[in-house]
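Turn these sequences into a full structure, and let the hints guide you.
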Amino acid sequence: MAAFDYAPAIVLLPFLSFLVSLGGGKYLPKGGAFGGIAATAGSLLLSAWVFLTVAGGEVYNETLYTWAAGVGEGTTTLTFGLLLDPLAAMMLLIVSLVALLVHVFSLGYMNDEGETGLPRYYAGLGLFTASMLGFVVADNLLMAFMFFELVGLCSYLLIGFWFRQEGPPSAAKKAFLVTRFGDYFFLVGVVAVFATFGTAKFAGEGAFPVLAEEALNGASEVTTFGFAPETWFTIVGLLILGGVIGKSAQFPLHTWLPDAMEGPTPVSALIHAATMVAAGVYLVARMYGFYALSPTALGIIALVGGFTALAAATMGVVKREIKQVLAYSTISQYGYMMLGLGAGGYVAATFHLMTHAFFKALLFLGAGSVIIAMHHDEDMWNMGGLKERMPVTYYTFLAGSLALAGIFPFAGFWSKDEVLYETLIHGLGGSPLLLAGYAMGLVAVFFTGFYTFRMVFLTFHGEPRSEIARDPHGVRWNVKAPLVVLGILAATVGVVNMVPVEKLLGISGIDFLHQWLDGGLEALTAHHYGDVLPYSSAYVGGETTTVAIGAAVSLGLAVAGAGLAHVLYNVDDPTEHTAKLGAIKTLWYNNYYQDEYQVWLANSVVLPLARLADTFDQGVVDGVVNGVSSVSLFAGSRIRRIQTGVVTNYAALLTLGLVALLVVFGVMGGWFA
Amino acid sequence: MTTKPSLRIGSHLLPGLAAVALFVVMAAAVLRASFGDPQMFGPDAEITASIGYAMFNLDMGTVPGEGMLVAFIIIAVALDAALDGAILLAKREEDGSAVALLADGGRQVRDRFRGDAADTDRDAEDGGDR
Amino acid sequence: MVPVQWYLLLATAVFCIGLFGILTRRNALLFLMSVELMLNAANINLVAFSAYWGNVTGQTFSLFTMALAAAEVAVGIGIILVLYRNFNDVDVTLAKEMRW
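Residue numbers (the working numbering), protein chains in the order written: chain A, 62 to 734; chain B, 16 to 145; chain C, 13 to 112.
No wet-lab data here; the hints were simulated from the structure. The C-beta atom is built at its ideal place from N, Cα and C for all residues, glycine as well. Don't take every hint at face value.
Chain C stretches covered by chain B per the calculated footprint, using a threshold of three residues with CB under 8 Å from any CB of chain B [as the list claims (entries may be wrong)]:
1) 15 to 22
2) 42 to 48
3) 60 to 74
Taking CB as the label site, the calculated pair distances span [to be verified]:
4) A:R699 - B:L103: 43 to 49 Å
5) B:A93 - C:V14: 29 to 35 Å
6) C:I91 - A:S691: 53 to 59 Å
7) B:L32 - C:L21: 18 to 24 Å
8) C:E48 - B:A115: 21 to 27 Å
9) B:L32 - C:E48: 54 to 60 Å
Here you go:
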């Protein structure tokens, strides 16, 4: 199919814009911006074409390039290839659309603000877009891992964009190191997959989730290193989960994301809201056939997700800077997605991934617009009253906030509600762990509503609290247009999967996302996952009742949180009510001291170990090498003394040699016998 | 008080033990070797007379001696060359400096080729450190 | 005729005496004399076997060696001259510049 022939261009076009910006950015008028916009627009068009082709029922799962061919029987071959199935096509569309909008927004945020070093910025954006798209279409785990690392690299480069200041390079280093820590386990997991299954392909004949399923059914044998297959698959799943937790900023590897806000806001919108942190969740969704076989791994995913959702939401309540609130909100929402995946709600989590990408990118870009207006002052207590002065930004931001808080009928309501619903019914079906996750997710809904609207009211409502807020800097079309596009999406994209409406009103067929993710390769469909999952569903008095109760409870909590924020902060001159929480506020403001704890770990545990390893390396390894060389030197310095320079000594040595030779020949030749 | 030359015995004779060892080894090898039956010259073989006869192309020698003639000629030539070489090496200039057998590392020859234009006072006068 | 081993023994003895001289003598001229001794030991060997096998070739060869020994001494004297000019003495143990 022609679309699939051009599919590699989806990844290569942004890569080309990276090269152009890197090589000739300083000669281009906008520092490479138009190249990036053209490339991402091209990728978007191609992704749309692929989407339409996949919608027609075609799937593409081909190996494009073998870069390490295994020799002989039963060896592994390492390849690059593309897997274009419904999930990938959907994600391609999301990533390329958000990337395009961020590129356009960057014209306003970076170019119009007179930033320097723009070729480096657009090169970084281009490389990131190419890497993320490459990750999305990867057909095997190793290729996914490579692109996973590449997006991490681009994140490092872009967070540290303003490297001449103190904060950004440190934040970039922290982001890289914390995610790298998780990626180490991911790498071990990839090797384990190769060692166990001999292949790392996600789909098709002999794909490793299929092999794992067959091994558990007893239909085939795989090497499990002495463990029972169930246990071993759990271990491998948890190893890969290490990378996911790092990349998607789940507890305990979430500490890098708030610091990553040191980067430019479009970067935060693209990387740390909509796409890179989505990579971890997307990976779990991609390999869901493998994770679904292991109840322990699923339980851990759900628990980590639920806990992160709640903890991050509490930390977001007391923050002063607008981007910090959004950062913790991102961590919290990805916690919901992990909760959904762990609870067996594959479609629900993917739906939340999609809606979150749109409304979080919208919120970040809106925050960027506010930051431009406030001359880069991010403290919300210096803002206020921007509603009248920045109407476009306000209404789009409000749309995003309603979606984030989960208010009907905005997108976030539908997706968050479905995640919680799936968790509830699978929890009632015999998994108390999921019920705990449900409870945490539910409490987090209240906090989400609260901090979201606290942010809105402090920023836009009330009276201006500073001079700049009274007279903000204007923003142009290149800032407002992406906001409008995303605002419309945040408001309307919920219609693709209005499951509660379907169930309550009895209309069937409007759960478009379910049907979409049910197509494609057999082993990757939603109903296949449903068959493999170890969960069963139970309801509180029937399915429709459970749907209604669940929706009502989550909506009620969201509205309650928003209402509390309205009472406290939607006044002309709000005060810092969070100070009344006292010690709890200190705890939340300091992020449960997780940052200090990790620094302490690095200093007390890792540094001594590193010193030990260094001593071993210098003492033992270098010592052996130096010892060998010292033997040679010592022997040389002693043996060279034979060369005395006196000719008669040499004659004496000659004679001795001759005598020895004659004796040897004589004994061997029988002269003296 | 008469002094007589005395043999110098000392540790400097130790390397000579190698020569003694070589003698022992070779003597042992030689004494155990067996040779074939001797085929000597006849009872009345006159070698020098045969060489003389061969020199004048007379056929009265008992031993074939033509091979010796070439040897004599070549020996004569070689000894002549050696004698001339020795004389050349020992030659001296008018002022007593050597002509062929130089002890200065070839500096005189080099300067003569360069036409005495180079700065000769840069070189050290003696032939190295002693 | 005397058994040929005695001739060989004599030649070996003369050779080893010459070798002893090379190994222990410090005067360059005595060094050369020892070298002459070694050469003559080889000559004894050649002539002895020439008589044993009744072959004139051995005597011819020994004539060659004698001539070449003489030529070699001529060159050797030249070398001793240079040695003397550099070190002001004919002691062979003085020339030890090319050492470690």
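Outcome of the hint check:
no.	hint	verdict
1	15 to 22	holds (count 4)
2	42 to 48	violated (count 0)
3	60 to 74	holds (count 8)
4	A:R699 - B:L103: 43 to 49 Å	46 Å, holds
5	B:A93 - C:V14: 29 to 35 Å	32 Å, holds
6	C:I91 - A:S691: 53 to 59 Å	42 Å, violated
7	B:L32 - C:L21: 18 to 24 Å	20 Å, holds
8	C:E48 - B:A115: 21 to 27 Å	24 Å, holds
9	B:L32 - C:E48: 54 to 60 Å	22 Å, violated
Of the numbered hints given earlier, the model fails hints 2, 6, 9; all others are met.
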